Amino acid sequence: MGLKRSDRREFLKRGAALAGGLGVAAVKPAMGQTPGNILGTDELVGYGKRSRFVKSVRIPHGGRPSPDAFGLDFHIAAPLQDSVGVITPSSLHYMGTTRGSFVPDINPAEHRLMIHGMVDRPLIFTMDELKRLPSVTRLHFIECAGNRSSSRKTTVQETHGMTSCAEWTGVLLSTLLKEAGVQDGGSWIVAEGVEEVKGASSIPMAKAMEDCLLCYGMNGEAVRPQQGFPLRLLVPGFEGILSVKWLRRIKVVDRFYMTYNDYGNLSQDADDAALKMQIGPKSVITYPSGGQQLPGRGFYQISGLAWSGGGAVSRVEISTDGGRSWTDADIRGTAHPMAHTRFSYNWNWDGSECELQSRCTDELGSIQSSRAQIAEFWNVPPGQPFRVRGHDNSIQPWRIDRDGSVHNAIS
Amino acid sequence: MFRKLSVAYCFVALLILTSCSTVPTTGPSLGTPVSPSQVAGFDLIVGADGNELPSGSGTAAQGEAIYQARCQSCHGADGEGLSSATRLVGGSMQSEGRPIRTVGSYWPYATTVFDFIRRAMPADAPKSLTDEEVYQVTAYVLFMNNIIDREAILNRDSLSKIEMPNRHGFIDQSNIQ
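These protein sequence lines are chains E and Y, in that order. Here the first sequence stands for residues 1 to 411, numbered as in my numbering. Here the second sequence stands for residues 412 to 588, numbered as in my numbering.
In isolation and in its complexed conformation, chain E is listed as follows (with noise of 0.2 Å):
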């Protein structure tokens, strides 16, 4: 796509040249490879494992080590540099909890969802009961409000690992308010887990009504317990913190209730705090990106990922020149509302420096800003060092240098 008709001719030309160079000599022919066998344990034949040459690990977030000394700072971030597709595996998804490293260890036959406050029918349900209702299975992204690039970070796993995608399947929870009856006036509820207090967050009414799910299936089995076991909360598009884990407590209450939780949003009033919660317009290259290395010039698919607050992602950019020129990327697959969305762009790189960037459009038609718009909104000084403001959605920068290296660029 991104290829013009003489660049492919090239590239095939190229291609061909160095398939023949290498041919006889140095590869060996598939059908000759005898490589060693993996061992059909009963642990492996009941539940798969990955191959022992693929090492793509989460790292903890921020620099910090995690869990710190007290137990008390568990983020870890995502490698995204490594994702293909928009599905994080549940092993690989990013994590932030307020519970140290602690994970509670629930038996789902014990926990239960309680469902009151201004409603009608005050309900407890079982998770059995909770599967009987009507289920729906959605792909929706989850990021960290606190997911934010700077100067200081290297890879995209630092830049932006702070969000991940996974396939969720539960119960609206529009469905449980409504066999609850929410009444006149029941216009926010409290979501609260097993973190309690540190895990209890304000969530709008109309968004509650809209699309939140309870979840007890990510990625085709159970949600993982570092993920929430055995129920989950999902406010899709909105900041990671309110999509609880270990829930088991709505609260159905008549205003924005200003929990500990609560106080991250910065503000007291109700509108301005519920507007903050929705995650914007957001992309970054994956491939290629900080820390990386091309090998030389020649054909590369660049490739990275897009997700927004707001709804499906409608179009992705591309630019290879620092953001002076724009060039439509290819959406890989479907874009589903509030999901991770694959993208693409067919390029040829001439082994000059140069800086790539990528730009999201939602179906809302809001677009992602650059670093100098965001700047230049909150005055600051071109070229002086700054930290974007509330959730940072910002343009991510890198640039590749005539030796190949792939750096973060910005200043």
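Everything labelled a hint here was simulated from the structure, so no lab data went into it. Every value quoted in this text rests on a predicted model; they were computed, and no experiment measured them. Be careful, since some hints might not be right.
[Stated by the list, open to error] One side of the interface only, derived from the structure: several residues of chain E facing chain Y at Cβ under 8 Å:
| id | residue |
| --- | --- |
| 1 | 116 |
| 2 | 127 |
| 3 | 132 |
| 4 | 136 |
| 5 | 179 |
| 6 | 297 |
Glycine residues also receive a C-beta, built at the ideal position from the N, C-alpha and C atoms.
Starting from the structure of chain E, add chain Y where the hints point.
Same frame as chain E, but now just chain Y:
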């Protein structure tokens, strides 16, 4: 976005009204009804206005010993903390670089201090303090921040009336993140 949500909500609300009034048995009717006393045992949230605060009272003088025994190892003798996350006292929202958020500099409501301590602290044994002890420790934390006197009695009424230093500093986020 929110206009869109509101419209959607009105539509859903209309559906609820319709379904409840005309065909009450169409829902799955799963779940077990809960009595108010069952809810009470579960519902420990205290909102900003303090309406849900329990009975009981305490002073900082009474809370000092509990603080030293149960809180000091992480929060320090004077609330200085072992890290920014455990600091309770001092700091400023106007600091250069990242503001330092503590109970004194950041929290807009004293009721949340009670709520937080009652449900989340001490970190190694949450909910092990009695309501009386929570009032006492809350008083001590506020005392360390020079918000109340050492002998001031905290209870449902007096705690709700406390005006925190950052009570009105919360709307403008421009200096905060």
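Hint by hint, here is what the structure shows:
1. 116: The hint holds - residue 116/E has a Cβ within 8 Å of chain Y, the shortest such distance being about 5 Å.
2. 127: 12 Å, violated
3. 132: 6 Å, holds
4. 136: 15 Å, violated
5. 179: Where the cut-off is 8 Å and the nearest Cβ of chain Y is about 5 Å from residue 179/E, the hint holds.
6. 297: 41 Å, violated
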